[in-house]
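> Sequence:
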Amino acid sequence: RFIAHLLRNNDTPAVKILVLLGEVGGVDEYEICEAVKSGRISKPLVAWCIGTCAAIFPFEVQFGHAGALARGNMETAVAKNQSLKEAGAHVPENFFKFGDKIKEIYDDLVESGKLIPAREPETPKIPMDYTWAKRLGLVRKPANFISSISDDRGDELKYSGMPISEVFAENIGVGGVLSLLWFRRQLPSYATKFIDMILMVTADHGPAVSGAHNTIVATRAGKDLVSSLTSGLLTIGPRFGGALDDAALMFSEASDNKVDAEKFVKDMRKANKLIMGIGHRIKSLSNPDKRVEIIKDYALQNFSDNTVLKFALAVEQVTTKKKANLILNVDGCIAVCFVDMLRSCGAFSLEEADELIQNGCLNGMFVLGRSIGFIGHHLDQKRLKQGLYRHPWDDISYLNDED
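Numbering (my numbering), first residue to last: 72 to 474.
The hints are simulated quantities; they were obtained by calculation from the structure and are not laboratory data. Glycine included, C-beta positions come from ideal geometry on N, C-alpha and C. Any given hint might turn out to be false.
What the hints assert, rightly or not - In the DSS-like style, the derived pairs of lysine-lysine whose C-alpha atoms are separated by at most 30 Å in a straight line are:
(1) K87 with K156
(2) K172 with K156
(3) K456 with K294
Said to hold, decoys possible - Per label pair, the in silico range of CB-to-CB distance:
(4) P188 with F167: 19 to 29 Å
(5) A214 with A385: 45 to 55 Å
(6) Y177 with E102: 23 to 33 Å
(7) C124 with A214: 22 to 32 Å
(8) D99 with P213: 52 to 62 Å
(9) Y369 with L209: 49 to 59 Å
(10) A292 with W203: 54 to 64 Å
(11) P213 with F128: 56 to 66 Å
Generate the whole structure from the sequences, applying the supplied hints.
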């Protein structure tokens with residue numbers, strides 16, 4: 072009820088002005104009139120009852136969300152405003168002057184010293200709306216992760232800023248796409264062709280190697296393509312296909328430090344370390360690996376610098392004196408040639424080229440290339456409708472107490 076709120080604020084010392092906004096309908100405002108007349112409400116009261124326009128309608132009109140309606144002349148807004156004014160409340164001529172009347176009473180109280188204006192608190196700084204600030208480019212949404220190699224937001228897909236239409240228009244091939252997505256550079260055509268060559272020579276090495284074998288066994292166990300491929304890929308490591316990065320780091324470090332090839336071999340033997348990229352179970356000086364010859368010849372003919380390759384070949388001269396199959400194998404040859412290509416193609420600084428090797432891109436090349444062969448073996452076994460594989464017991468040495 073109006074009267075309860077007004078009496079509470081009238082008795083509050085900090086309150087100097089009372090304000091009432093009533094409405095048409097009801098008689099609560101007349102209680103306030105009596106309180107003003109009796110002096111129970113002693114502070115200035117600025118009041119107005121809305122709904123005075125009801126008088127211009129020839130029929131009864133409901134106002135407000137509660138359906139205010141005058142059920143007699145006493146309940147009209149006009150009658151209430153007149154009664155409030157006669158009781159001693161400050162009632163403006165119309166609603167539009169309601170604010171002006173409040174200011175008038177406020178100014179009179181200040182001038183008479185009855186009201187001392189309080190110091191205005193500092194206006195709080197309201198942060199700019201995030202959506203608006205983002206639209207203005209003042210902020211950006213925190214990213215869950217960052218990508219710098221591709222963008223599909225525009226009219227067409229881009230690889231490191233190169234539209235997909237240009238990828239085909241310039242015929243950069245798989246090697247070119249790989250260089251954009253892996254290295255964020257468009258490499259010279261001889262370099263992208265070398266990448267293509269790496270993928271081709273590493274694509275497969277027969278069904279007997281561990282990765283292909285695992286892929287075949289998984290396929291024959293009824294596994295799907297992805298599962299079978301993963302089974303093969305998980306065999307890649309230091310002993311199978313995963314020596315490229317280590318070979319690149321090992322040979323390039325020794326070459327950069329001007330280490331003599333013979334001393335390098337001796338130091339590795341003393342440290343009881345394998346020279347990554349050297350040695351093959353089948354191939355030897357008398358039975359050379361054609362893949363190595365292809366890679367080596369291309370590098371020597373097309374790269375402007377072959378420093379690391381030449382050092383690796385010098386190491387091969389030392390190791391094959393000990394044993395004919397301690398040749399520079401295909402992993403080692405790809406590794407050293409790739410280092411020379413990165414360093415001499417003009418797209419990278421020495422530090423950038425070394426960082427790419429340290430990040431594992433060479434092992435990535437082997438994984439990508441060999442995936443072609445693993446998928447081939449999976450499809451081959453499916454096509455041949457091969458059943459579940461079980462290894463023959465006579466090919467296993469069973470060691471137990473009886474033996």
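> Indicate, hint by hint, whether the structure satisfies it.
Comparing the hints with the structure gives:
no.: 1; hint: K87 with K156; in the structure: holds (19 Å)
no.: 2; hint: K172 with K156; in the structure: holds (13 Å)
no.: 3; hint: K456 with K294; in the structure: holds (13 Å)
no.: 4; hint: P188 with F167: 19 to 29 Å; in the structure: holds (25 Å)
no.: 5; hint: A214 with A385: 45 to 55 Å; in the structure: holds (49 Å)
no.: 6; hint: Y177 with E102: 23 to 33 Å; in the structure: holds (25 Å)
no.: 7; hint: C124 with A214: 22 to 32 Å; in the structure: violated (57 Å)
no.: 8; hint: D99 with P213: 52 to 62 Å; in the structure: holds (54 Å)
no.: 9; hint: Y369 with L209: 49 to 59 Å; in the structure: holds (53 Å)
no.: 10; hint: A292 with W203: 54 to 64 Å; in the structure: holds (59 Å)
no.: 11; hint: P213 with F128: 56 to 66 Å; in the structure: holds (58 Å)
Of the numbered hints stated above, the single one contradicted by the structure is hint 7.
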